[in-house]
Amino acid sequence: MEAYIQLAYLIGAIAFILGLRGLSDPRTARRGNLTAAFGMTLAIIASLIYPMESVPNNYLWIGGALFIGAFIGWISAQRVQMTAMPQLVSIFNGLGGGSAMLLAILEFLKLLDQEEVVLNGYSLTIAFTLGVGAISFSGSLLAYFKLAGTIRDKHVLLPGHQWINLILLLATLGTLGYALWVPSTLTILLAAGVSLIYGWSFVAPIGGADMPVVISLLNSVTGLSAATAGFLYDNQIMILGGILVGASGIILTLLMVRAMNRSLSNVIVGGFSASAKGSTNDPNAGKSVQEASSADVGILLNYASKVVIVPGYGLAVARAQGLIKELEELLMKQDIEVYYGIHPVAGRMPGHMNVLLAEVDIDYDRLLGVDKCNNEIKEADVVLVIGANDVVNPAALEDPASSIYGMPILQAWNGKNVIVFKRSMNTGYAGIQNPLFFKDNTKMHFGDASKTLKDIITEIENLN
Amino acid sequence: MEWTQFINENMLSIYLLVFAVFLGFELISKVPSVLHTPLMSGANAISGIVLVGSILFIRSTEADHYLALSIAAIAIIMAMINIVGGFAVTHRMLSMFKKKQK
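Just so you know, the protein sequences line up as chains Y and X, in that order. So the mapping is simple: my numbering equals the position in the first sequence, first residue as 1, plus 1492. So the mapping is simple: my numbering equals the position in the second sequence, first residue as 1, plus 45.
Worth double-checking, as some hints may not be accurate.
What the hints assert, rightly or not - Partial pick of chain Y residues on the chain X-facing surface, computed with a CB cut under 10 Å:
id	residue
1	1493
2	1496
3	1526
4	1539
5	1558
6	1561
7	1601
8	1670
9	1704
10	1721
11	1722
12	1726
What the hints assert, rightly or not - Pulled from the structure, derived: some chain Y residues nowhere near chain X, Cβ distances all over 12 Å:
id	residue
13	1536
14	1654
15	1660
16	1844
Quick caveat, the hints were computed from the structure, so don't treat them as lab data. All C-beta atoms in this analysis are idealised placements derived from N, C-alpha and C, irrespective of residue type, glycine included.
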């Protein structure tokens, strides 16, 4: 019997590997996800029937908990708006970390019951899982609140936060060590508490715009906690699955950081929030912006031959993706070329914007990355910047004092005409002013994107 | 002495861990940015594998140790939300891409 169970675990592990490989290619991504889910199902069934001598099994407890978890997970995945997806991934990740933390606490307490606790590889593994799981849990929770907009950066940032974090890190290591040295319910819970505080505090100084990087990093951390928990049960699929996630999470984090031309340490120290004010001498002082009416925009678009659209999170918030598709069809009917410039960090997560546009059937081939799009912009008659801000900010190229300096951006101002759709003159997610709005070929079109786009579509229809 | 014992007993698992690190790096090194979000959320679901530990734990817990049973049940619920929610939301995202490729 045990041999069959071990085989099931092995097949599950292979399914994880094939699944992850599938997920990294657009043609096989769906199958990859299903393969990984199949592997997980096998692993769960195998652990349910794994032969254990004279144990109570408690299947009623397990069944009930599995059902409740599956129900909540399924419902929230079906109900979530695609715009709110980053938060959801963050909270899912936090729950995984929290689960590892609880398991480690239980194992620690069990150790107390049984014998005199010795400081060995086993108890050290428990302590490690406890700390890492707790950090992932509370960190993901704060990332969730920041992404949902419930908690703003300034609410949780304390003066000298980097020093506080350093002290908390030492305190975390200290209390975990103390719990190993003098194990008792109290010291274990103290270590868990301090680890939770550190996780929260670790994420606190990181700017809201960098949350995707943080989620990816915390995802990696959750994987690590699952892997170390695997050592406690001598369970290879836990080790393999956890480490795969840990390693791929690190790579994904580095890919994202590179897309913003930053370093990981720069993100963690909180580059965005530290210099949120940007340059001290405001070069835009005294300048004013030009406004365009929907009729102006309609005429410009109608007589253009190439249009580049730069969508941002504001578009998604206004739920105007459908209108973009409508506008695209209207323009293409008149042989106007339409392209989309997708910045790697557009939306709230890398690739988030692609998901949002795919939702309304916009052709994958029309979505261009930064380099290709900048070439198209040079020949574009009109560049529509809809709900995007930081990804078209020239300060990234021109102002070394700016917090986004060095980030590759979509150079919208190279188009003949630039129309910026914006709700108001407020700053973007990074909290810095955008000189693009003050350029001579830029016009602002204020209002809620879903309403203004509707007006423009009507204008173009009237012209034909 | 306990140290060497832990290493002796887990040598194969330690090998597995090291190889899995390299495998994870290799698998992900070339991913188009369009897939970053689904990949992150799919990988996230896999990290719910910690559920296996909770199941094994609760099965060997005495049936009248209600505190341990409750905490373990919460751990199972949390991991299960991570797993089912993670795979389901990834599937939803990827379905949107598929529609259009035809």
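Here is how each hint holds up against the structure:
1. 1493: Interface hint status for residue 1493 of chain Y: violated (15 Å vs cutoff 10 Å).
2. 1496: It is violated, given that the least Cβ distance between residue 1496 of chain Y and chain X is near 16 Å, above 10 Å.
3. 1526: holds (7 Å)
4. 1539: holds (4 Å)
5. 1558: holds (6 Å)
6. 1561: holds (3 Å)
7. 1601: holds (7 Å)
8. 1670: violated (19 Å)
9. 1704: Holds - the Cβ of residue 1704 of chain Y comes within 10 Å of chain X, reaching about 8 Å at its closest.
10. 1721: holds (5 Å)
11. 1722: holds (7 Å)
12. 1726: holds (7 Å)
13. 1536: violated (7 Å)
14. 1654: holds (27 Å)
15. 1660: holds (24 Å)
16. 1844: violated (5 Å)
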